[in-house]
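Engineer: Sequence:
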Amino acid sequence: MHGAAILPHPIGFSLMHLKSEVLSQSSLNKRNYRDAYISYSLTMNMYEAVVIGAGPAGSTAAYVLAKRGLKTLLLEKYKFPRHKSCAAGISVYTKNLLKELGLYSDKIILHETTKAKLTFVRYNKTYEMKSLIATSTRELFDEYLAKQAERAGAELHEEEPAYKISVGKNYVEVYTKKSTYKCKACIIACGVPEKLSSYAGIKTVYGKALAFEFDAPLSEDYDLDYTLFYYALEKDYAGYFWIFPKKDFANYGVGSWLNTIVQLKKKYGYLQKWVEAAMKTLGYWDKIPEVEKYLKEIRGAIVPVYTEAKPENMIADRVLVIGDSAGLVRHTGEGICFAIESGKLAAEAIADLFEEDKLDKESLIKYYGAKIERNILSELKYTTRIADALTYCTGVVIDLLDKEPKAVELLGKTLEHSILDNVYYEETKKLLKKHPFLLMKMLKMYLRRRKY
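Here the sequence shown is numbered in numbering that gives the first Met the number 0, starting from 0 and rising by one per residue.
Please note that a few of the clues may not be correct.
[Said to hold, decoys possible] Dumping the calculated DSSO-like pairs for lysine-lysine here, alpha-carbon to alpha-carbon at most 30 angstroms: (1) K246 to K83; (2) K116 to K365; (3) K443 to K98; (4) K429 to K234.
Think of the hints as simulated: they come from the structure by calculation, not from any bench.
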């Protein structure tokens with residue numbers, strides 16, 4: 000598997016080794032062939048790793064595991080192509096990861112923008128900046144990654160969701176309505192955190208945001224060079240409205256914290272009425288052909304935004320929780336980047352620790368947890384601070400953008416995710432320190448801010 004000796008483990012020898020052994024023995028004579036075939040078929044529900052969920056996180060993990068030679072099963076709840084509520088923006092960070100893994104293809108990109116406009120609606124302020132953001136659809140993107148995992152050697156089972164896992168001393172059992180699978184390591188990548196993690200004793204920590212989106216035609220005057228972001232739609236509105244162009248159509252959506260959505264629902268009664276009001280405010284309602292028809296197709300999903308999760312909130316004996324399931328989502332709602340990275344890191348950890356069977360929680364925290372802390376959490380720890388500044392200190396942010404062109408440039412880089420959030424935060428803080436009055440004003444706003 001890795002050029003090392005194959006060690007015994009609870010489900011027998013390495014399954015790939017067992018297969019070759021059985022089939023070679025079966026060639027001795029035809030009478031033994033059936034017995035050998037039956038013997039091997041008994042191992043068919045046994046895998047070295049099972050990945051639950053074939054989104055960007057799970058498919059990346061399965062791809063890397065298969066590349067490393069582990070017998071890997073990838074379970075997906077739906078049949079591809081399937082929809083996910085997501086703008087499907089592909090950041091610079093994500094493109095670089097895909098290229099590093101040998102997974103990038105122009106076929107998954109529908110359009111690429113070179114600029115962004117960010118508008119603070121209540122303040123009537125708009126800023127333009129360079130910002131490279133590619134767009135896809137989750138139907139296209141997710142199926143592509145899952146098929147790449149399958150081509151690498153993973154076994155893909157569509158329309159087979161797992162409903163339970165059971166962790167034993169030396170194995171994990173994964174239950175679906177079709178079968179029960181036994182493995183040495185399990186990766187949970189189901190998107191929004193759910194009860195599967197609790198079977199392993201894992202309680203995911205995350206902030207509940209909601210995103211609602213729909214596809215519709217572009218207005219005739221839309222400039223395809225731009226991705227558009229609209230903040231401060233209403234007083235104390237935490238979140239933004241977006242338009243992500245995809246050549247001949249666009250994805251329109253809104254995202255906000257759960258408590259804010261509840262308040263807006265009280266005000267408007269129906270979600271569609273709120274989105275309709277936002278689009279009228281922004282001037283798009285009368286520009287998009289048959290917009291009311293497309294708005295009826297609006298769909299939503301919980302976005303598990305990072306708050307304060309630690310590696311121990313994502314790890315148990317023989318089980319790793321990755322991507323959105325672990326709450327690894329930025330303040331912008333971007334989760335694809337860390338889904339792919341956590342999938343890569345999780346698979347590498349399991350492959351590296353597999354032969355010595357060091358898949359207990361303590362070993363995984365030391366090996367995988369340290370990499371997650373360094374590569375992902377060190378950035379995400381700043382994500383709520385940035386979100387708070389944009390929501391509760393909007394006036395100060397605008398003053399800084401007006402006074403410092405560098406602040407506008409940094410904003411473009413954080414939107415395209417070519418700089419890390421911690422870098423953006425520290426560099427912006429340096430600019431803020433040049434203006435003591437603004438710094439004091441922001442500190443006062445933080446002390447008085449309301450939580451939504």
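Engineer: Hint by hint, say whether it matches the structure.
Structural biologist: Structure-based check of each hint:
no., hint, verdict
1, K246 to K83, "holds (20 angstroms)"
2, K116 to K365, "violated (42 angstroms)"
3, K443 to K98, "violated (44 angstroms)"
4, K429 to K234, "holds (28 angstroms)"
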